[in-house]
Structures are given as structure tokens and as C-alpha cells.
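Enquirer: Letter by letter, the chains look like this.
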Amino acid sequence: MAEFFDMGGFGGYIWTSYGVAVICLGWLNYASWRKAKRTAAQLAELQDSNL
Amino acid sequence: MFDYLANPSRFMRIANRLFWPLVAVTVITGAIGLYLGLFVAPADYQQGDTVRIIYVHVPSAWLALFGYVGLGLCGLFYVVWRHPLADLAARAIAPVGAVFALLTLITGALWGKPMWGAWWVWDARLTSMLILFFFYLGFIALANGFDRAERGSRPAALLALVGMINVPIVKFSVDWWNTLHQPASLLRRGGPAIDPSMLTPLVLMLVAAHAYFAVLVILRIRSLLAERRITTLLLRPGGFE
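First to last, the sequence lines map onto chains A and B.
Residue numbers -16 to 34, in our numbering, belong to the letters of the first sequence in order.
Residue numbers 582 to 822, in our numbering, belong to the letters of the second sequence in order.
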């Protein structure tokens, strides 16, 4: 297991690459979902009050 | 076909139908690709285990570039036909493409340090990729830099079009100049120059990245459409209450 994480001595570079990718793409995912939900809720509220 | 898809509600109906299948494709191909890339694929005989960085680096680079082609096409449709959906699509693509471009630069540096001995070199491929990232940032700044968002649409679309000049430069930089960055291994004459044990996870990660890109863009177009409708509702007579 330790050998797997060591990646032939390059573990630091490899795991940082994957880590940065997970953080960036995860954040993008979270932000996009949150915005979609918020705007949809806002729109629904406005449409209700304008009926 | 463009006229058919240019209707926002029809476009959203199709996009919504594709949404969950695209999420499934992202999760399944991404999981298998990561498993094969990290556990099954062998280390490279020259690069050792650092070769595993390509499973993140190459898909990011492709999407940064394809995303920009999308941005440029949207810019063209907006400048020529003034179609609002093209503007929304461009605004949805830009931040996603920018993140993929940034990831390409970061993962490239993390591979370059152990393999070339330098985080960065001013080589034609790296430099043109950095310029691509700046075009994304420029688009985002212009598109959002006005009190009324629509005012930024035209200058941003024009900038996106100008940046299209950079796309072939990124792609062919490795052929036109003597770069430290290696030439294309997948889209080259004579077919891919990678062993199947490494090609399979790479292709799976490429599929996952494309599907994920589409998922994020659909989500963002959804938000932008809702925002536009909210503005319309608020601006119509009696809208402010």
C-alpha cells in the first residue's frame, strides 16, 4: 500500500495532480449545482407571486 | 438544424433529456478510467509512474481546446446572427473551459518538474496554452464587466472570435516549432502511438471529461436561462413589488 502511494518516488507530483483536479472539478460541480438550484427556486417564487 | 436548436426551450428539453445519461457516462467511464490508470496501467519505461499524470493532463488539455472551439463558434453565432442562446452557451462554457485550461497548466508543471527538471519552460505549446487560458479569462472579464450583462456580450464574443487564431497554434505548435513538449500521440497520422494498456484508461478518461464538460455546461445554461427570465419578470411593468 505504501508502495502504491509512493509511486516510485513520484507520489508527491502524481497525487498533487489528482488532488488539484479533484478540488477544481469538484468546486466547479458544486458551484454549478448551487447556482442552478438557487436560480430555479428564485424563478419559481417570482412566477408564483406574479400569477 | 441550427434553427431547430436555437429555440431555448426546445434546446433545454433536449439538453435535459441528455443530462442524466451524461452524468452516468461521466461516473462510469471516470471510475473505470481512474481504476485502470492508477492500478492496472504499467509505469512508463522512461517516465516511470509520472506517466499517470497524463490521465488528467491530456483530457484537461483536450477539453480546454474543444471548449474554446465551442466558445469561438458561439461568438461567431452571436456576432453574426445575434442569437441570445449563443451568448448564454458561451457564458456557460467559459468558466468550465478556463478551469480545464488551468488544470492543464498545473498538471503539466507537476509532470515537467520531475521529467524535464523545470516547472515551466517558454516552449511554443506551453506558451500558447497559457495564452488560451488568458483568452478564457478575458472573455469572462468582458462578459461580466458591465452593469447590464448583455452589454458585455458583443465585445466578449468578438474577443472569443479573435482567440480562435490561437486554437490551431496550440494544436500544431508541437509540429511547427521544435518544442520540449512531446508531439501528439493520439490524433496523429498512423494512429495512436500508445500501448493499449495505457490507451484504454486514457480514452476512458477522455470520454469522462467530455461528458462531464457537457454536464456542467448544461447546468450553467439552465442557471443563465433562469436568470434571464428572472430579469424579464422583474423588469416588466408591475414587476417590482
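Calculated from the structure, these hints are not laboratory results.
You may find that some hints are simply not true.
Unchecked claim - Computed from the model, here is a short list of chain A residues facing chain B with C-beta under 8 Å:
1) -1
2) 13
3) 23
No residue lacks a Cβ here, since even glycine has one placed at the ideal position from N, Cα and C.
Enquirer: Now look at each hint and say whether the structure bears it out.
Expert: Structure-based check of each hint:
1. -1: holds, 6 Å
2. 13: Nearest chain B Cβ about 11 Å off; hint violated.
3. 23: holds, 6 Å
This entry does not satisfy hint 2, going by the numbered hints stated previously; all others are met.
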